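K.L.:
Below are the chains, spelled out letter by letter.
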Amino acid sequence: MNAAHHLPVLAIVLPLVFAYLMPLFDRWRRGWCTPAALGVLAVSFVASLAMAWQVMTGGPYYYQMGNWPPPWGIELNIDYLAVFTAITMTGVSLVVLVYASKDLLHELKPHLLGWYYTLYLLLVASMVGMALTNDIFNLFVFVEICAIAACGIISIKSNKECLEASFKYLILSTLGSGCLLLAIALLYMVTGHLNFTYIAQALPEAMRLYPYNILAALALLLVGMGVKAALFPLHVWLPDAHSSAPSPSSAVLSGLVIKIYAVSLLRVLYQVFPADIFEVTPVLNILLWMSTLAIIAGSMFAIVQEDIKKMLAYSSVAQIGYVFMGFAIVDFFALTGGILHVFNHAMMKAMLFMAAGAFIYSTGVRHLSGLKGIGHTMPVPAVAFAIGALAMVGIPLTNGFISKWYLVLGALHDGQPFFAAVILLSSLLNGIYYLPIIVNAFFSEPQGRVAAPLPLPRQMQVPLIILGLGCLLFGIAPSLILGLIYRASEALLGL
Amino acid sequence: MSITDVLLRLHQNNFYFFAILLFIIGFHTMLTHNNLIKKVIGMNIMDTAIFLFFVAIGYIHGGRAPILEPGAAHLYVNPLPSALILTGIVVAVSITAYALSLIVKIYQHYGTIDAEEIMRLRGGETL
Amino acid sequence: METAISFLPVWIVMFPMFMTLVIYYVEQRSEKMRNALSVGTSVVTFLSVLMLYPYMMAGEIIEYSMFQLLPNLEISFRVDILSFSLALLSSFIWMLVSIYSIDYMCHEHGCNRYYPVLIITLASCMGIFMAGDLFTLFVFFELMSLISYVLVVHEESLEALRAGYKYLIMTIIGGLALFFGIIITFELGGSVSLGGETLITVPSTLAFFAFISFLIGFGMKAGMFPLHVWLPDAHPVAPSPASALLSGIMLKTGAYGLLRVIFHVFSPGLLQEAGWMIILAVVAIITILLGSAVAITQDDIKRRLAYSSVGQMGYILLGMSIFTERALIGDIFHIFSHAFMKSTLFLAAGAIILKTGKRSIRELGGIGRLMPFTMLAFTMAALSMIGIPPLSGFLSKWTLSLGAMDAGLPYYVLVLLVSSLLNGLYYLPIIITAFFGAEPGHEHEQVKISEAPYKMLIPIAILAVSCLLFGLLPTNLPFDLSRKAADFLLRGGF
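Protein chains in written order, with this note's numbering: chain A, 1 to 495; chain B, 1001 to 1127; chain C, 2001 to 2494.
Be aware that a few hints might be false.
[What the hints assert, rightly or not] These stretches of chain A come out as covered by chain C in the derived footprint (C-beta under 8 Å, 3 or more residues):
1. 134-145
2. 397-410
3. 437-444
4. 477-486
[Stated by the list, open to error] Computed footprint of chain A on chain B, listed as stretches where at least three residues anywhere in the stretch have a Cβ under 8 Å from a Cβ of chain A:
5. 1004-1010
6. 1047-1059
Everything labelled a hint here was simulated from the structure, so no lab data went into it.
Since this is a predicted model, take the numbers as computed values, not measurements.
Glycine included, each C-beta is placed from N, C-alpha and C at the ideal position.
I would like the entire structure built from these sequences, with the hints used as guidance.
P.N.:
Rendered as structure tokens:
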């Protein structure tokens, strides 16, 4: 067995191991922390890309942890969706980490940097784990690691807002984990398996014998993942948590962490539960209407915000609604749009949060009306913000347009033009709250602290440029990623 | 189904029944109490309820711990849920520790561990 | 067809786009160079469009597909006679406006922002007219709409920003409506190409949604009632050369889009059968009457011109809803003549505002004696607007009316007459005040008002003479092009 076969485990274990080495590095050679963390994530990213290549050329495969065959051993499922998610998670988190290396010096006490990297690597490892795993209890463990690490990178700032926000997040997140674990218990009870494939095989029979157990499990799963993914009425923790956290944390939390739960839910719903369960229960309909509410309400809330990061956080509530809407309309195009939006929104929102973080870093201004004229004094983050905002509105030739195109096409194709109209309405709302910021940034004279910002370090500019170009690149040449997503949706829909 | 039947079923499934009861108690405590410590206690009750539920799945009446002795054939309980719950307990303990340390920090900053009081201090924003 | 020629549309769109970058780079160093490059770019663009003339007259259609974004969704160009007519018109007026801008803008701030934006809007405008499919059209439409925001808020005054905000929100609404229309077309027709078959052939609820979406999207741009609300605010606050382009050309992109939708996405037969054209006709009539009537009440000269644009766009929308050949000829010819008239008016008004600093019509007494040439051009264009016989406005209205009579719709002619009367009511007072009004006294003794500089006068003069010429000569290029384009569209447009 050659080394290339062990890539999946490398992508997870390497960050996991280095997470625990970071405090040591911190004690020993503080200067090594950043390169080590970046290196590890780069290796993970490359491993994910290599897996994508393997999967695209040789088809999906399974990896048995420790050579224990299922149903006893833990299995990793390297399929299209998994590698797509792994690429998104490692790629964006790598870019954000470059930014974090400078921004954190400003936001955190210096001795916490090593610990921050610990939490950050743990977070990435758990997300990649969630993306790849084929074992439902393993999924739970990664969910828990992710939850603690996510709370950790909020509360590490240790000011009033962060502590309160991360406690709120922790409590609700535990609630979600509790529901998830109970769902797993119920599934295990009726099927006797923890492996996705085996549960899926046993469920149709179990469905006949114990329908209520399975329905309860489905409901608990929906609530559990819904809380964690901040699906509308369960989003209450998100705005505080994402707005008070250090900016790089906000970028990964909003860009990646809420998505990974959505993707996990997608995987469980489509791959584990038999398709006919959705005909007897309105689960997908509930999901559809919740996402509709999320899209409208999230945008509405965002309009009235005055704090830039809070506005971005509410915008995430709306955008996660797009993702769920794509998953809930059972249509090839909509599903493609939903999965694509995971990727696109990860780039856009990470970029927007980092741009907002750059404004705060250089000027200390968080208030939207205080950012007048920022485009003249801080062109790079302001242009990045503008690109992100236009992508959010869905202007053609940005990546946001492509995901919107697929979502609307899916809604129309499925004969539900109402939801297409919802997406368009929300684009308008996005325009209402994003565009005035750009206008103020570029068509007003800078005043006060905005007029003389601190110079922005290069490490904070480069990620913005990369993601900004990425947003344009995937708007002009979406086929770079669409090949993978097409196959992922085909596999999920069993086409 | 008569009332006796219901009671009999409940008796047969008493682990599950009490697990769900505990789960609801924990859930309720966690969401409705303002005291942060009580929230954490509620969280633990909820977690414990799930552990009970999970372990009960693997329990077989009269079964023994699955320590295989050569030659002896016994009725064993399913070890897998117990093993899983061991992981679950570890997770729960670490989350509890983390939550408690957060509460300490929150107390240092706000001087209170009452959620509503904290909300008030933060300026009228309600959950 | 030679490959060089099929590449020409790409060149026409990409060259100004590339030059935008060059100008952006150069302007940091030399203002003279910037001005020269801007004018040079627009001249080269105009000449490039002109190079297509022989091919177009031979009835050829030039197609070029650039790259594919998604399956069946590509950036492609396609030039037929209608595209060519409008591209020629736009690049011509753009050229004159960029010459005019040199002297006008030297008194303004932020020129370094103005010129690149001027040129990139030219590029996107060419993109709209030469688009080979709805998606390309949409991309350039959005690009132009969003970038012309910069022209609208150029002054950065509170008034401009407020008007700009309204404009921006309307643009987003219009863009989303277009998006919806295009995606429904894609869903129903499987493609959005303008060069293939008619895309929607069966009237259905979804098709109706698409039609309404297109109407909202393009109608918003064309200042169609009730989506015209941004127009009278946005056009006057822009610098005058930009107003001339906004009113003279960019409004027409909406009309152009609607023409494409009516003849390529749907078909006249389908629309008539389904009775959806009534909607367009009704809003067009309201637009005509409302725009003309409200213009009377305006005192700000540029606001009056902007409302007049609303009314005039109504003619064009009305012309589209009648499917007779003469109506269509008049319709397309009115796009030409309104572009000439309205840019003359805005440029002349700009010259007056630049020299006097006054925008209120009441204060313009006697200006015709101080700036005779400018005011003469203004008068000529205004009379053409009213539809006085030898001028181009008369010809377009006459042809439109004949078309309406052909279709047996004499009410439309009545509407045109009433609106001409209203046009007279708001244009004639300006002329009378300017030539025969008393000068408002002592202020003028201190500041001597002279004629506008020649770099501004020449473009105004060229445009004004065009108004006269294209009405006077029985066969002229715009009329010929309109005839050919109308014929082409009615033959099926493929």
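K.L.:
Check whether three or more residues of the region 397-410 of chain A sit with their beta carbon closer than 8 Å to a beta carbon of chain C.
P.N.:
This one holds; 6 residues, not fewer than the three required, reach chain C with a Cβ under 8 Å.
K.L.:
Within the region 1047-1059 of chain B, is the number of residues with a Cβ closer than 8 Å to a Cβ of chain A three or more?
P.N.:
Answer holds; 5 residues pass the 8 Å Cβ test.
K.L.:
Three or more residues of the region 437-444 of chain A near chain C by CB distance under 8 Å?
P.N.:
holds (count 3)
K.L.:
With a Cβ-Cβ cutoff of 8 Å, does the region 1004-1010 of chain B contain at least three residues near chain A?
P.N.:
violated (count 0)
K.L.:
Please count how many residues of the region 134-145 of chain A have a CB within 8 Å of a CB from chain C and say whether that reaches 3.
P.N.:
violated (count 0)
K.L.:
Count the residues of the region 477-486 of chain A whose Cβ falls closer than 8 Å to any Cβ of chain C, and tell me whether that reaches three.
P.N.:
Coverage by chain C holds for the region 477-486 of chain A (4 residues, Cβ < 8 Å).
Hints 1 and 5 from the list above are not met by this structure, while the remaining hints are.
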